[in-house]
Structure formats: C-alpha cells, structure tokens
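Build the complex: two chains, separate frames, hints provided.
Top line first, the protein sequences correspond to chains A and B. If you're matching positions, the first sequence starts at 1 in the working numbering and goes up one per residue. If you're matching positions, the second sequence starts at 1 in the working numbering and goes up one per residue.
Please note that the accuracy of each hint is not assured.
Stated by the list, open to error - Negatives, chain A to chain B, calculated, CB over 10 Å:
id, residue
1, Y65
2, T88
3, L173
4, G228
5, F320
What the hints assert, rightly or not - Computed from the model, here is a short list of chain A residues facing chain B with C-beta under 7 Å:
id, residue
6, P145
7, V156
8, T233
No lab work stands behind these hints, which were simulated from the structure alone. Quick reminder that beta carbons are idealized off the backbone N, C-alpha and C, glycines included.
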Amino acid sequence: MQPAGRQPVVDVALQGGAIPVGRQLDRAKALQRLRLRDTGFRHLTRGSAIVVLLILSGIIASLIYGSLPALGAYGFGFLVTQVWNPVTEKFGALAAIYGTIVTSFIAMLIAVPVGLFISLFLTELCPLWLRRPIGIAIELLAGIPSIIYGIWGLFVFAPFLQQTLQPFLINTLGNVPGLEDLFAGPPYGIGILTAGLILAIMVLPFITSISRDVFEAVPPVLKEAAYGVGCTTWEVVRYVVLPYCRTGVIGAVMLALGRALGETMAVTFVIGNAHRISPSILAPGTTISATIANEFTEAVGDLYTSALIAIGLILFVITFIVLAIARLMLMRINARVGG
Amino acid sequence: MAFARSMSLYATRRRRNGVAVALAIGATLLGLTWLVFILGELLWKGFGGLNLAVFTQMTPPPGSAGGLLNPIAGSLVLTAVAVAIGTPLGILAGTYMAEYGRYDKLTFVVRFINDILLSAPSIVIGLFVYEIMVAQMGHFSGWAGAVALAVIVVPVVVRTTEDMLTLVPDTLREAAASIGLPRSLMITRVAYRAARAGMITGVLLAVARISGETAPLLFTALNNQFWSLDMNAPVASLPAVIFQFALSPYADWQKLAWTGALIITMAVLALSIIARVLSAQRKTS
Numbered sequence: 001m002q003p004a005g006r007q008p009v010v011d012v013a014l015q016g017g018a019i020p021v022g023r024q025l026d027r028a029k030a031l032q033r034l035r036l037r038d039t040g041f042r043h044l045t046r047g048s049a050i051v052v053l054l055i056l057s058g059i060i061a062s063l064i065y066g067s068l069p070a071l072g073a074y075g076f077g078f079l080v081t082q083v084w085n086p087v088t089e090k091f092g093a094l095a096a097i098y099g100t101i102v103t104s105f106i107a108m109l110i111a112v113p114v115g116l117f118i119s120l121f122l123t124e125l126c127p128l129w130l131r132r133p134i135g136i137a138i139e140l141l142a143g144i145p146s147i148i149y150g151i152w153g154l155f156v157f158a159p160f161l162q163q164t165l166q167p168f169l170i171n172t173l174g175n176v177p178g179l180e181d182l183f184a185g186p187p188y189g190i191g192i193l194t195a196g197l198i199l200a201i202m203v204l205p206f207i208t209s210i211s212r213d214v215f216e217a218v219p220p221v222l223k224e225a226a227y228g229v230g231c232t233t234w235e236v237v238r239y240v241v242l243p244y245c246r247t248g249v250i251g252a253v254m255l256a257l258g259r260a261l262g263e264t265m266a267v268t269f270v271i272g273n274a275h276r277i278s279p280s281i282l283a284p285g286t287t288i289s290a291t292i293a294n295e296f297t298e299a300v301g302d303l304y305t306s307a308l309i310a311i312g313l314i315l316f317v318i319t320f321i322v323l324a325i326a327r328l329m330l331m332r333i334n335a336r337v338g339g
Numbered sequence: 001m002a003f004a005r006s007m008s009l010y011a012t013r014r015r016r017n018g019v020a021v022a023l024a025i026g027a028t029l030l031g032l033t034w035l036v037f038i039l040g041e042l043l044w045k046g047f048g049g050l051n052l053a054v055f056t057q058m059t060p061p062p063g064s065a066g067g068l069l070n071p072i073a074g075s076l077v078l079t080a081v082a083v084a085i086g087t088p089l090g091i092l093a094g095t096y097m098a099e100y101g102r103y104d105k106l107t108f109v110v111r112f113i114n115d116i117l118l119s120a121p122s123i124v125i126g127l128f129v130y131e132i133m134v135a136q137m138g139h140f141s142g143w144a145g146a147v148a149l150a151v152i153v154v155p156v157v158v159r160t161t162e163d164m165l166t167l168v169p170d171t172l173r174e175a176a177a178s179i180g181l182p183r184s185l186m187i188t189r190v191a192y193r194a195a196r197a198g199m200i201t202g203v204l205l206a207v208a209r210i211s212g213e214t215a216p217l218l219f220t221a222l223n224n225q226f227w228s229l230d231m232n233a234p235v236a237s238l239p240a241v242i243f244q245f246a247l248s249p250y251a252d253w254q255k256l257a258w259t260g261a262l263i264i265t266m267a268v269l270a271l272s273i274i275a276r277v278l279s280a281q282r283k284t285s
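So that you can see chain B by itself, here it is in the shape it has in the complex (with noise of 0.2 Å):
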C-alpha cells in the first residue's frame, strides 16, 4: 500500500518534471521561431528593393521610383553628431564613477538615475529636447536631433565605461602612482588603454542603440523630403522615412520603407556583433 502510494508519487513528480522541461524547450523554440519569422520577413521583402538607385536617388514623391539616399546621409550624419556629443560626457562621468568617486554618495545616486534613463521611454526625452530646443528656437532641426540622441547615448556610455574601468585590476594602478604618475595621467594613459576595447563595445552598442530611433526623431529632427544636411533645418532619418512611407497608401513608398528596414536591421546586427567580438577578445586576451 505504501509502496504503491510512493510510486504513484514518484510517477506525478516525473509526470510534472516532464511536462516542465517540454514548456522550457517549447518557450525556446517559440522564442527562436519568431527571430526567423522576423528576419525572414524583412530580408524577403526588403531584398527586392535593394538596388544601387536606393544608394543614390533621393526619396521620391508619391507613385514613382526613388531611392532613400538623404535619409541614410542624415541619420548618418545625426548618429555622430550624437555620438560626438553623448560619448566624451558618459566616458567622464563613468571615469567619475569608477576612478575618483567609486564609494562616493554622488556616484551611487548617478548610478541608479543613469540606470533609469539607460530605460526611460525614448518618446518623453523627444518631448525634453522639443521643450528645450524645438520651441525655444521656433523651428525642428538636426541640432535638436542630435542632441536628442545623445541623450540615448550618455547613459549606455556612463554604464559601460564604469563596469570596464572597474574591471581595470588596481594593482595596475598602484603601479602607475608608484613610479609617481599624477592620477589624471594614470587613467587616461594606463586605466584607459587597459579598458579600452570594452569602452568602444559601450560606443558601438549605443550607435546601434540610437541607429533604430525613431520616436526622439519625430518631433526634434522631423523629417525632409529633400537632400539637406543643414543642422539647423529639420533632417531626414532612415527610420523617420521608413515611418512616414509604411503607413502611407502607396506601394511605391511601403517597399522602400522595407528595404530601409533591412538595411537598419543589418547595420544593427554587424554592430552588435562587432561589439561581441571586440568584448570576447578582450576575455580571452
């Protein structure tokens, strides 16, 4: 009797074991399924209209041929702009963080705001930039744009350049300082280089962060139909195009808007790849 109530158990404690594992390898594949379907999707409609004309004619009007040759040149040129503005302010403040401050009461609190803005909703820090830059100057333009991504850019730089620097060993440190090296020149000649390719992992992965943007873009950088890289007039962005052209009835503008989307996705892809690949040599050296 005994016995016969034990195996009973053992046999539902199998059962539920058995039925767990197949939920866990059933969620994989679910998961796994939808990156193909997605993928698949985009290169299958997206590859159709890649030709050379995409590279070299502007957008066109509605119900004819064209290309998305000023919007790649502005995101292009908006993604440095931003980059150039967002990465010097994150590597000094993580440089703060990780060097001078590393138990300071600051640090800790920049810590777990830079987290909350590393989430925040893109579509609210557009709103900022309009609030402090589209309507202050009455106009949209590049600069506001641009300023808007670098906010996506400082906190994805702060983060990685604190956790490289403090993975930076300190008896390299302790090295420098012994040979009488004043501290700024130890971290940008010695804690800098040890940390570097993990810091340029933090800039790739924010390029590729801030290259599919779309909602900043709306309302600080807008849109152009036409070739301009005037910062102080509104810019096109691939993924402001691919917006406007998607939900647009013409079947002309929607095949264009999915081959931009291919070509976002694939220079997404190789840069977080890139940003692998630099981050597991740095492991294994």
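With the rest of the complex left out, here is chain A (with noise of 0.2 Å):
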C-alpha cells in the first residue's frame, strides 16, 4: 500500500497490516488521542498567550470605565487644575502630574550619571575577581522591596537629609539669585527631593545592570582597536562605548524612568501628601501613585473614586509611552547583538 499524503508512518504500518486487527483498533484511538491532546494543548498555549493581551486591554478598559464619571464631570481641566478638594468634589490632577515628573526627573539627573559611571567601572575597570560580587550586589539592591526603602525614607533618610542636606542647600543655593524659591523653606525632612533621592536609589541598579549588559555587548575589536591607537578608558568609553550603545543606554535610562514615575511606596512614605504646587523642592508634594495610595481607600463619592481612577489612567498612559519607547530602543539593540 502506498503511504498517503503526510500520513504518519505508524499509520502507513497500521494499514499495512503490520500489527493484529485488535491492536491495530486500539493504536487507531490511541493516535486519535494523542493527536486531539496535541491541538488541545497548542490552542491552550495560543489562549494563555491572547489572555496576556487581554489582561493589557483589561486594565485599559477598566481603567477608562472608572474615570468616565471624572473625566465627564470636568472634562479637558482636569488635567490642568491644580485645587484638589474632596469636601467640595472639586479635583484636578496638575499638582500630581507635576509632583510625579519633579521627582522622576530629579532622581534620573542622579542616577542615570552614577549609574552609567557605574556600568563604566564594571566594565572597563573592575578587576575579574571582582566583577561577579559587585555587579550581584547591586542587583539585590533591586531585589529589595519598595516598602523597605519607603520605611527606610521616612525614619532614617529624612531625618538626615533635615539636618545636613537641606539646612545646606537652604544656606547656600538658597541664597543664590535665580535659586531662592527652588531652595526655599524650612527643612521639612520629607518632601520632593527626599522623595526624587530615594526614587534615584531605587532606579540605579535598573539603570546599572541594563547599560552594563549593552556596553559588555560591544564588540571587543572596536574597543581593542580605541586602545591600540593610544586612546584612554575615557576616551574609549566616550568615543566607541557610548556612541555604539546609544539606543540601548537610552532604552535602559527610559525603563528606569518608567519604574521612576510609577513607583508608589518609597514615594508615598516620604512625599508628605500635599496637593499643591510649591516652588521649592523642599516643600512637601504629592504624586499621581502617592495620592492613590493615600486617598483610595477612604474615597467617599463616586465621584472621588473616580477622580482617583482618572489620575491611575494618566500615569498608566505615560508610563505606557514611556516603556513603549524604552523596548523599542531596546528592542534595537538587540536586533544589532542578533545579527
């Protein structure tokens, strides 16, 4: 008998008779079942994958649902009113956007140079020896949980930075023309830049162990090559590593930023939960994550609830871009290692 087609062989021996009639039954059913278990288990596979989707589009969805209430109720002002007043329901979320951009932004002016100086070390510098023990260290610092460095912000940073930082940054650039209201204040401990500080502790380890993995990704020729003309580490770090690993420093620095802007609990303990906008970065804020954090539960009204919510979908869209751009840097990157 001819084999038909893509006939399995086993099924090409069956009906050729190879085996009795009463077996030949019972390894009939037995294909039979394995190959139904084989669809059943691509199509699981193939579910499980679009529920990913689905859990991306849920958030979305659900997201949008809750803020319809808040956003119908003051429309497009809502993003550029700073009053937040629970016993009136009037609420706009200006002084959250800024408060979560103000301390984003101060911890990447941080710990996007040290990170990068870090990577810089490990790569170029570090003796062999030392290279595992540090780089695993500074990866547990990214293990460690957010709460912890929020308990560790409020009773141990705060207290320090009110007694030696922020009496100096008020003494020194607060005097300085053009500085005074970014200075200004007393030391409160906690507020913005305690809160952009201890965001800069959490990222660096993001920004750290990302730029290294792209900078040990560049060719050792080219670097070989810097260095064989005379170049210093410096200049070799400056003129081949960065320029080739632009993408994926950027790419690093952007996942980083995006960890930055939604990260609630080290914020929440040390923000100070004030909804205004204050000239100062002393001066104690509030951002979009904080103030969920905070308020959430306690929200009477739907109309609060939803104003919450509303604020939760700003941050999940900038974040969302943010991130977007990050993996598409990425992404990039890889796409050069691959090939």
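Here is the structure:
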C-alpha cells in the first residue's frame, strides 16, 4: 500500500496490516487521542498568550470606564487644575502630575550619571574577580521591595536630610539669586527632593544592570582598536562604547524612568501628600501613585473614586508611552547584537 | 613648541581620564554604600524586635505587645494562590511563544505587551482588580488581592519561560520528533525538562517580586487586624501591615513594622540567591 499524503509512518504501518486487527484499533484510538491532545495543547498555549493581551486591554478598558464620571464632570480642565478638594468635590490632577514628573526628573538626574559610571567601572576598570560580586550586590538592591525603601526613607533618610543636606542647600543655593525659590523654606525632611533621592537609589540598579549588559555587547575588536591607537579608558568609553550603545542606554534610562514614574510605596512614605505646587523642591508635594495609595480606600462618593482612577489612567498612559519607547530602543540594540 | 603642545595635550587627556576613573570608582562605592546603609539599618532596627512572639501572636492594638502571625500567614496564602493562578498561565503563554509561534506576529505583540506589563506601575494593577472584582463583588477580598498579585506573576513567568525554552537546543526537539513523539509530548517531556531549572528560577523570582508588593494589595485584599484566612473577606498581609504600622504614631507598631520589613527583605534576598544558584547550576552543567 502506498503511503498517502502527509500520513504519519505509524498509520502507514497500521494500514499495511503489520499489526493484528485488535491492536490496530487500540493504536488508532491512541493516535486519535494524541492528536486531540496535540491540538488541545496548542490551543491552550495560544489562548494563554492571548490572555496576556487581554490583561493589558482589560487594564486600559477598566481604567477608562472607571474614570468616565470624573472626566465627564471636569473635562480637559482636570489635567490643568491644581485644586484637589474632596469636600467640595473639586478635583484637578495638575499637582499630582507635577510631583510625579519632578520627583522622577530628580531621580534620573542623579541615577543616570551614577549608574553609567558604575557600568563603566564594571566593564572597563574592575578586576575580573570583583566583577561578579559587585554586579550581584547592585542587582540585590533591585530586589529589595519598595516598601523597605519607604520605611527606611521615612525613619532614617528623611531625618538625616533634614539635619544635613537640606539646611546646607537652604543656606547656600537658597541665597543664590534665581535659585532662592527652588531651595526656599524650612527643612521638613520629607518632600519632593527626598522622594526624588529615594527614587534615584531605587532605579540605580536598573540603569546599572541594563547598561552594563549593553556595554558588554560592544564587540571587543572595536575597543581593542581604540586602545591600540592610544586612547585612554575614558576616550574609549566616550567615543567608542557610548556611541555604539546609544539606543541601548536610552532604553535603559527610559525603563528606569518608567519605574520611577509609577513607583508607589517608596514615594508615599516621604512625599508629604500635599496637593499643591510649590516652587521649592524642599516642600512637601504629592505624586499620582502616592495620592491613589493614600486616598483610595478612604474615598467617599463616586466622583472622588473616579477622580483617583482618572489620575491612575493618566499615570498608566504616561508610563506606557515611556516603557514602549524603552522597549523599542532595547529591541533595536538586541537586533543589532543578534544580527 | 609643537612638542610642548603635544605634551600638554597628553597631560590634559590623562587628567580627563583620571577624573573619569575616579568618578567611576566613586559611583560604585556610592552604590555599594547605599546597599550597606539600608541593609545595616534594617538589621539594626529589625533584629531588636525579632522574637518568638512575632511568629506566634496576632497584630496588637495600639500600645500593647504582639506579633505578626496573621499578616505572615495572610501573605503566604495570598502569594501561594497568586502563584497557583499566575504560573500555569505564564508557562503556557511562554510555551506558545517559544515552541509554536516563535516567529508569529502574535508572539511579537505578546512579547512587547508582556515587557510593558513587566514594568507597569503595580498600583494601576490594583486599580484594575478593584474595578473588575472589588467593585463588582461589593467588598474587599483575599481573592482580589491574589488576582492582583497573579497579574504581576504572569509577565515574569512568561518572560523566563520563553527565554529558557528558546535556549533548549533544537537538536533535542528533532530527536524527539524523529522517534514519533507528538509535539505536545515533545514539549512537556523533553523541552520542559531541559529548561526546568530556568523555569523554576522564573517562578522564584516572581515570588520574590510579589512578596514585597504593597500597592496592589491596599485596595484589593485590604488588611485585617485579626486572624482570618477567609479568601472572601479582607486578608492581612505583611506589606500592608508594615505600611499601616510604620505611618502610625505608636512606638510598638513602628517597631513591629521594622521587624516585618526585616522578615520580608530576608525572604526576598533568600529567594533571589536560591534563584541565582539554580541558574548558575544550569550554566555549568
């Protein structure tokens, strides 16, 4: 008998009568079961992959649905109003958006250079035997839950800043014309600056570990060539490594920025939860995530809850854009390394 | 003249390099100093309160001694349920991406979305679960908390499963196929086994990630002052209790918050170290 089309070999053996009839039926049944199972498993895995997509669309849909009452009541003004008054039910997101952006900006201002210099150390300067332990230690920092940073920030870091850095800033930069508003006011300890510094410590490991991976992806020949013509370490990094991994480094920075924007617990402890925009970075403020964490369970009235969900939606949209850019950048560098 | 200029250029370059090297060493020391600072303070403040009562007594009312038994138990249950929901889903989705549709458009989209979910703000995930579960059921519940944590578990497991299965050599798959193994059996009996250590690492990392998560629990599982493992009612969890106690004005509560923080950190560090050892074994064997 001719093997027909795409029939498995076992089937051909069956039809050829190589096996007694009774067992033939058994085998046919077993094969049928296997085939069902194969299709079933395939659909099960495919369905699970689709569920991942559904989770994201579910998040977006539920946030939009939940924020409709507030967005309907305040319209576009919600984004540009500073007032946040639960008693009179007047809500505006501006103070929270401002705090979110300023704290993240402070965090990036510090964490990006420090993180890049640590990766420089790890890839170019560090003795080989020290590389792994230091790398692991930095990555352990990434594993510490954010609430630990929060409690540490509130009880240890904020009082420390209140006594050292903040009076120093007020007495020096606070007297510089043009900067006096930025560093005005009493040293509260907690506030925008403290939150920004804690965020900087939190995102440092992300920047370090990704940019280290990206730096290591630079082909050694390029670096060796540069060293060969007499470049110093700094020149190799500045003119060979950094230009080569520009997209990867931007990806790492954006990824860290996404984390900083959405970080909740570490900020909630030290931000001071004040719904106003103060010119001074030493003053208490609030962020989107801290507002939600502090007020959501106590929110009475549909409009209040809806306003909180609406700022959650704003946060999600901002972080989504930032993270999407980060992934596209990192994908580009991965494609180059792979190809 | 030209010689002198080249010498001064050389000196400038050396100086610049010296500054950069000093900055790099300084940055690394700074990073390590924070780690030592935070862990040191945590040990210092947490160990003082660490005793048997912490593991055997309930959370106290303000002004009296007590322990953290109910939040510890609550955290364990929430984590276990979240892993039980999230792991199979994550493994199956990762399997599709690595085994069936490695070059699919669907895989590409899922991978992109999954990477975004991986870093999405956890408080937004809390809002999502509040909308779909708490608001619908009319009350806070342990189930809602576990689902919120599961949403965080899924992307971690998807990512590691896909990565680990992609690392399994295709020759193994071809060998399995050549002896007539159906694809589903080839995946479950051959590919999963080859990638097992890496996949377990992924689950451990997911557990480490959610055991410290606070934001998504605040308005899903809420909190509970009393012993309760009823998943239809609010359930206490260690991070939520730390949040509440640390922000309270009572010294007893603050002390318990530090102890709780120490317990969580130790658990998380232990999990990530085990995960590291496991993945290191995979590389050497």
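Hint-by-hint comparison with the structure:
no., hint, verdict
1, Y65, "violated (7 Å)"
2, T88, "holds (24 Å)"
3, L173, "holds (21 Å)"
4, G228, "holds (16 Å)"
5, F320, "violated (6 Å)"
6, P145, "holds (2 Å)"
7, V156, "holds (5 Å)"
8, T233, "holds (6 Å)"
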